[in-house]
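All chains, please: the whole structure from these sequences, using the hints.
If you read the sequences in order, they're chains Z and S. Mapping of the first sequence onto the UniProt record's numbering: position 112 corresponds to residue 112, and the numbering continues sequentially without gaps. Mapping of the second sequence onto the UniProt record's numbering: position 51 corresponds to residue 51, and the numbering continues sequentially without gaps.
Do not rely on the hints blindly, as some may be mistaken.
Chain S regions said to be covered by chain Z (calculated; three or more residues, Cβ under 8 angstroms) [to be verified]:
| # | stretch |
| --- | --- |
| 1 | 87 to 95 |
| 2 | 99 to 111 |
| 3 | 115 to 129 |
| 4 | 165 to 174 |
Hints in this document: simulated from the structure, not taken from any laboratory. Every residue, glycine too, gets a C-beta built ideally from N, C-alpha and C.
What follows is each chain in one-letter form.
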Amino acid sequence: MSQTAQSQNLPAAVKERSPFISALVDFWKAFRKNKPAIIGAVIVFFFILLAVFANIIAPQGINNQNINIRLEPPSAQHWLGTDSFGRDIFSRIVFGARLSLRVGFFAVIGSIIFGTFLGVIAGYFGKVIDTVISRFFDILLAFPSILLSIAIVSILGPSLNNALVAIAIVNIPVFGRLVRSRVLTVKEEEYIMAARSIGMGNTRIIFNHILPNSFAPIIVQGTLNIATAILDAAGLGFLGMGAQPPQPEWGTMLSDSRQYITDAPWTVLFPGLAIILVVIGFNLMGDGLRDALDPRMKN
Amino acid sequence: MNQSILEVKGLKTSFFTDDGEVPAVDGVDFSVGEGEILGIVGESGCGKSVTSLSIMGLLPSPPGKIVGGSISFKGEDISHAKESRMRKLRGNDIAMIFQEPMTSLNPVFTIGDQLMEAIRLHNRLPKKELAARAAELLKMVGLPRAKELLKEYPHELSGGMRQRVMIAMAMSCNPKVLIADEPTTALDVTIQAQILDLMLKLNRETHTAIILITHDLGVVAQVCKRVVVMYAGKVVEEGDVKDIFNHPKHPYTEGLIRSIPDLHSKKDKLYTIKGSVPRPGSIEKGCLFAPRCEYVMDKCRTDSPELVGDSHKSRCFLHQVQE
Numbered sequence: 001m002s003q004t005a006q007s008q009n010l011p012a013a014v015k016e017r018s019p020f021i022s023a024l025v026d027f028w029k030a031f032r033k034n035k036p037a038i039i040g041a042v043i044v045f046f047f048i049l050l051a052v053f054a055n056i057i058a059p060q061g062i063n064n065q066n067i068n069i070r071l072e073p074p075s076a077q078h079w080l081g082t083d084s085f086g087r088d089i090f091s092r093i094v095f096g097a098r099l100s101l102r103v104g105f106f107a108v109i110g111s112i113i114f115g116t117f118l119g120v121i122a123g124y125f126g127k128v129i130d131t132v133i134s135r136f137f138d139i140l141l142a143f144p145s146i147l148l149s150i151a152i153v154s155i156l157g158p159s160l161n162n163a164l165v166a167i168a169i170v171n172i173p174v175f176g177r178l179v180r181s182r183v184l185t186v187k188e189e190e191y192i193m194a195a196r197s198i199g200m201g202n203t204r205i206i207f208n209h210i211l212p213n214s215f216a217p218i219i220v221q222g223t224l225n226i227a228t229a230i231l232d233a234a235g236l237g238f239l240g241m242g243a244q245p246p247q248p249e250w251g252t253m254l255s256d257s258r259q260y261i262t263d264a265p266w267t268v269l270f271p272g273l274a275i276i277l278v279v280i281g282f283n284l285m286g287d288g289l290r291d292a293l294d295p296r297m298k299n
Numbered sequence: 001m002n003q004s005i006l007e008v009k010g011l012k013t014s015f016f017t018d019d020g021e022v023p024a025v026d027g028v029d030f031s032v033g034e035g036e037i038l039g040i041v042g043e044s045g046c047g048k049s050v051t052s053l054s055i056m057g058l059l060p061s062p063p064g065k066i067v068g069g070s071i072s073f074k075g076e077d078i079s080h081a082k083e084s085r086m087r088k089l090r091g092n093d094i095a096m097i098f099q100e101p102m103t104s105l106n107p108v109f110t111i112g113d114q115l116m117e118a119i120r121l122h123n124r125l126p127k128k129e130l131a132a133r134a135a136e137l138l139k140m141v142g143l144p145r146a147k148e149l150l151k152e153y154p155h156e157l158s159g160g161m162r163q164r165v166m167i168a169m170a171m172s173c174n175p176k177v178l179i180a181d182e183p184t185t186a187l188d189v190t191i192q193a194q195i196l197d198l199m200l201k202l203n204r205e206t207h208t209a210i211i212l213i214t215h216d217l218g219v220v221a222q223v224c225k226r227v228v229v230m231y232a233g234k235v236v237e238e239g240d241v242k243d244i245f246n247h248p249k250h251p252y253t254e255g256l257i258r259s260i261p262d263l264h265s266k267k268d269k270l271y272t273i274k275g276s277v278p279r280p281g282s283i284e285k286g287c288l289f290a291p292r293c294e295y296v297m298d299k300c301r302t303d304s305p306e307l308v309g310d311s312h313k314s315r316c317f318l319h320q321v322q323e
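Here it is, written out as structure tokens:
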């Protein structure tokens, strides 16, 4: 060991690095060069901080109503103004970040789990199973996604959690088709044949070879989909099918305040801005991830 | 010759396509003795690889299917064995290495992960022993700094090193038979020689029988004792390497040997066998080589010759008339 370390003039730190860390370093080098992606990551990080430390950051509770200060414009005391119940909009947006990010993350994780499961089965085993699963995806995709989520929510009953479930179901085919196509490619790789030639079974091949080689596109698509999931949740909230008042969900806040748009535009403007910002953040970050994780883009 | 360990008899493998059945391997017989190195030679598309995949039970199915004949490993017919049985055999008793070392390793795992996985498939060992055995295997295939290599990723290795890793993986459970499907085709000539030396060394040390599939007669001459020449899904000649090189009986073998470029002769053009391997199933009667043969006779176009001879067999009327 010591001899080889001497013969190669590499700093000790480089030699000791585990492969996982060095892969992360490579990834970070590629990601760092991408300015928009960094901006996106900063925005996302900012909202995550808001969500995590909402209790500390928010100057007031989400349901502190005060009829004397309703619809006040932004001021030193109420940074983003107050709504029709005299509640502090800034505090509500800060707590709303929790709801929106939660919906975004968990809806996407749900669709990744089920989508990957179905996609792997369809892609790996093919034949009739593939046809059945792929047609199921096609059926889901045939509906406009917001209509389908509305339909699911109306069956389950309107609430934020049911909106989450609906968004997760609607997005299953997105991941399912992505994973299926990836599996079809990876399945033909020679290392799969080599794995089989040393006696590896299907389960092991799927978990050890096919899934790890399909992760990068799933992560990228997942990040991008968090944005759409948040948007869908806000849309459902606006339509009254998602979070219910007085929950400070951004779409619900928009919906609650839409009648004051001319008199008190800040009641609508700031929740809307929050939605836009977080969606842009995830989109920029997702694009950056794709560039950094896609081996074809590496120089 | 030792007792034969793998015996292929009348193997027929077909692909069922939209255009009908295509017989890629059409009645192939050969056997491999314990610790023997057998060469299988032929042009691209003559059924060499399909034969090896048939033995491994790794034919892409559909469309590929073994339609006849038998493959017996230690007396057990494995041509239609269950997948669970084949999985036990693969790696443990029969292993295979492939042509493309660059793509035969999973790019997202380290060499160590993949080697240890291969060992663990058939021997459940504690992690420490696994790592030790993996390092030992790397040393066995002549790779230096084994311990560090275990932590490296496939893309950090050269083609020759990767092929050594593949060989280490294939040898991890001491298989009785190693099928090497064009193991040196994708490598530099100098590396080729090293890999062949390695295979010879492993053959001597572990007594593993090797089936070396190649289109390179030079490789066969260097490594094998016995050789099977295949053409269009059939064995056309079989025998001792020396006999075949000195007295090829089949015009196809003769052509193959004449196609090896000779440094000393100053010719403008290299010798080639005219035409190409016929599409499987396209020639319905007569000898399959007849359309390309220099010595073709009337009989060749109507009757198909049988594989005859004792130790040096050939499938050609030319010699059957003489004998």
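Structure-based check of each hint:
1. Evaluation of the coverage hint for the stretch 87 to 95 of chain S: fulfilled, as 7 residues show C-beta separations to chain Z shorter than 8 angstroms, against a requirement of three.
2. Counting residues of the stretch 99 to 111 of chain S whose beta carbon lies closer than 8 angstroms to any beta carbon of chain Z gives 9, which meets the minimum of three for the stated coverage.
3. Check result for the stretch 115 to 129 of chain S against chain Z: holds, 4 residues qualifying (beta carbon to beta carbon below 8 angstroms, three or more required).
4. Residues of the stretch 165 to 174 of chain S with a Cβ under 8 angstroms from some Cβ of chain Z number 5, which satisfies the need for three, so the listed coverage holds.
Violated hints are absent here; each numbered hint is respected by the structure.
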